[in-house]
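Reading the sequence shown from the start, the letters are residues 4 to 163 in my numbering.
No lab work stands behind these hints, which were simulated from the structure alone. A few of these clues could be false.
[Unchecked claim] For each label pair, taking beta carbons as the anchor points, the in silico distance ranges come out as:
#, residue 1, residue 2, range
1, C14, F36, 18 to 26 Å
2, E118, E5, 18 to 26 Å
3, E123, K41, 37 to 45 Å
4, L28, H122, 41 to 49 Å
5, I128, E38, 31 to 39 Å
[Stated by the list, open to error] Straight-line C-alpha distance at most 20 Å; calculated DMTMM-like pairs for lysine to aspartate or glutamate:
#, residue 1, residue 2
6, K54, E5
7, K15, E57
8, K41, E5
9, K15, E123
10, K15, E118
11, K54, E6
12, K15, E5
13, K41, D29
14, K15, D127
15, K15, E42
16, K15, D52
17, K41, D26
Cβ atoms here follow ideal geometry from the backbone N, Cα and C, with glycine treated the same way.
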Amino acid sequence: REEVLAHLQACKIFYFAGHGRLDPLDPSRSCLFLEDWKESPLTAGDLCDYKIQESSPFLGYLSACLTGANKVDRLVDEKIHLASAFQLAGFRHVIGTLWEVSDSHCVDVARVVYETIQHEGMTDIAVCRGSIRPSRRYGRIDATRMMGENSTTGAGGRGE
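Construct the complete structure from the given sequences, taking the supplied hints into account.
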């Protein structure tokens, strides 16, 4: 956790591929599964308090299930989740997931996003285009396949 927080100070792109946990009772306690997540979790609440705007980080890419989700009815308008926490910390763009997604589709989506940035440059429009192209490719018809066979959370894909 501490090593990741230290690196956030200097990075332009933060890419996390792994697992996350959505806390259904307190979304600010949702966390990424880093090596020490049980003893010292990196939570949405921690990130909201962590201000790195001075270093102008460009893209936070959270390739883990439910990083953009909040399932607490009384907080539905609050937008408390891991993706918003990265934005509040100072990232210009954040890509996260609203659903459970399969690893293979996460790899496909990341490839499209990064290929777009590679070809068009590290620009706002490249991030936008790169994050939209996969949803056009998979569409709503294939959404259940994107989430994996065991998912029961509804239609899925990538969101901001």
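Are any of the numbered hints broken by this structure? If so, which, sorted upward? Hints 2 and 15 are the ones this structure does not satisfy, whereas the remaining hints hold.
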